[in-house]
Amino acid sequence: MLIFSVFKTLTDQQVTVELKNDLSITGILKSVDQFLNIRLDNIKVSDEARHPHMMAVKNCFIRGSVVRYVQISAENVDTQLLEDATRREALNQNVYLDAEYKLESREWRLPSGIG
Amino acid sequence: MYSRLHARFCLGKMLVILRDGRKLHGVLRSYDQFANLVLEDTVERIYHGNAFAENWRGLYLIRGENVVLLGEIDLDQEDDIPLRQVDWNVLEPYHKSDIEAKKQREESKAQILYEKKGFCKEGGEGDGY
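Read top to bottom, the protein sequences are chains A and B. 1 is the number of the first residue of the first sequence in full-length UniProt numbering; add one for each residue after it. 1 is the number of the first residue of the second sequence in full-length UniProt numbering; add one for each residue after it.
Since the hints were derived computationally from the structure, they do not count as laboratory data. We put the CB at the ideal spot given by N, CA and C, even for glycine. Check each hint, because a few of them may be wrong.
Straight-line Cα separation of at most 25 Å, BS3-like style, residue types lysine-lysine; simulated pairs [as the list claims (entries may be wrong)]:
1. Lys-13/B to Lys-30/A
2. Lys-13/B to Lys-58/A
3. Lys-109/B to Lys-20/A
4. Lys-102/B to Lys-30/A
5. Lys-44/A to Lys-102/B
6. Lys-20/A to Lys-102/B
7. Lys-20/A to Lys-116/B
8. Lys-103/B to Lys-20/A
9. Lys-96/B to Lys-20/A
10. Lys-117/B to Lys-20/A
11. Lys-44/A to Lys-117/B
With the C-beta cut set under 10 Å, the calculated list includes, among others, these residues of chain B facing chain A [as the list claims (entries may be wrong)]:
12. Arg-19
13. Phe-34
14. Thr-42
15. Val-43
16. Gly-49
17. Phe-52
18. Trp-56
19. Leu-59
20. Val-67
21. Asp-74
22. Asp-76
23. Asp-79
24. Ala-101
25. Lys-103
Using the sequences and the hints given, assemble the complete structure.
This is the structure in structure tokens:
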């Protein structure tokens, strides 16, 4: 969910999406969903000669499962903030991993010091 | 979210690239959250060099897992593309040999990675796109 949020902050920025078939598309990120499917507007394909079928395409939808990389520009991401958010999310998940289920009271007990 | 993704896509001519490398042009009529698509009046296009050819296919219901990319065809730009259309039967042998050459290349690459570089064998899913 964290990476989904990151992508949401990148909407309307220029990104380059490289697919697993080595097709590389630069465009304006218009939207993204929880599968990391991506919609790009105003696209440009690098090495267009190798991919002539893309010449008449301006806007496209890319299925998340075929994406290899998304290149984003460094100034659009606050890595420090991202790192903190990652720690927070990992911590929250561990709280639930460490929780115990108490049979007699039929409820979850969180580790001491939390909740 | 998905409906918003596609909201502007529901009419007009679309290009769909499938995982097996096929390129389908048709009119998008329906879709769902898995990117399952219904494509009407579909033609399959093949390309070689600066030529392309079309073959009539009809109505498709495409299972979403096979979709790589869904592109909106810009009708103005479509007239300007520097490609010429030729007969399917003329282009098909070239297209087939292109696919075969690509397959050979991928196979020899995988062989080298497996034998010399310690990579595992690929899962056989065959992403030919």
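Hints versus structure:
1. Distance restraint check for Lys-13/B and Lys-30/A: the Cα-Cα separation of roughly 20 Å lies within the 25 Å cut-off, and the hinted pair is therefore satisfied.
2. Note on Lys-13/B and Lys-58/A: the hinted pairing holds, with a Cα-Cα distance of about 12 Å set against a maximum of 25 Å.
3. At most 25 Å may separate the alpha-carbon atoms for a hinted pair to count; Lys-109/B and Lys-20/A meet this at roughly 15 Å.
4. At roughly 33 Å between alpha-carbon atoms, Lys-102/B and Lys-30/A are farther apart than 25 Å, so this suggested pair is violated.
5. For the proposed pair Lys-44/A and Lys-102/B, the alpha carbon gap of about 24 Å is at most 25 Å, so the pair holds.
6. The hinted pair formed by Lys-20/A and Lys-102/B meets the criterion: a straight-line CA distance of about 15 Å does not exceed 25 Å.
7. The suggested pairing of Lys-20/A with Lys-116/B holds, with an alpha-carbon distance near 23 Å, which does not exceed 25 Å.
8. Note on Lys-103/B and Lys-20/A: the hinted pairing holds, with a Cα-Cα distance of about 15 Å set against a maximum of 25 Å.
9. Among the hinted pairs, Lys-96/B with Lys-20/A is consistent with the structure: their alpha-carbon atoms are about 21 Å apart, no more than 25 Å.
10. For the hint linking Lys-117/B to Lys-20/A, the alpha-carbon distance of about 20 Å falls within 25 Å, and the restraint holds.
11. For the given pair, Lys-44/A sits about 35 Å from Lys-117/B by alpha-carbon distance, which is inconsistent with the 25 Å threshold.
12. Taken as an interface hint, Arg-19/B checks out: its beta carbon lies about 7 Å from the nearest beta carbon of chain A, inside 10 Å.
13. The interface hint given for Phe-34/B holds, since its Cβ lies 9 Å from the closest Cβ of chain A, which is under the 10 Å cut-off.
14. Residue-level restraint check for Thr-42/B is violated (minimum Cβ-Cβ distance to chain A is 14 Å; threshold 10 Å).
15. The beta carbon of Val-43/B is not positioned within 10 Å of any beta carbon in chain A (closest approach about 12 Å), and the interface hint is therefore violated.
16. Here the hint on Gly-49/B is kept, as its CB sits about 9 Å from the closest CB of chain A, short of 10 Å.
17. Annotation: interface hint on Phe-52/B holds; nearest CB of chain A at approximately 7 Å, less than 10 Å.
18. Given the 10 Å rule on beta carbons, the hint for Trp-56/B is violated: about 17 Å separates it from the nearest Cβ of chain A.
19. Interface hint status for Leu-59/B: violated, as the beta-carbon distance to the closest one in chain A is roughly 20 Å, over 10 Å.
20. Here the hint on Val-67/B is kept, as its CB sits about 5 Å from the closest CB of chain A, short of 10 Å.
21. A hinted interface residue such as Asp-74/B counts as satisfied when its beta carbon comes closer than 10 Å to some beta carbon of chain A; here the least separation is about 4 Å, so the hint holds.
22. Evaluation of the Asp-76/B hint against chain A yields a held restraint, the C-beta minimum of about 9 Å falling below 10 Å.
23. Annotation: Asp-79/B was flagged as interfacial toward chain A, and the flag holds, the nearest CB pair being 9 Å apart, inside 10 Å.
24. About 13 Å separates the beta-carbon of Ala-101/B from the nearest beta-carbon of chain A, more than 10 Å, and the hint is not met.
25. Because the smallest distance between the Cβ of Lys-103/B and any Cβ of chain A comes to about 13 Å, over 10 Å, the interface hint for this residue is violated.
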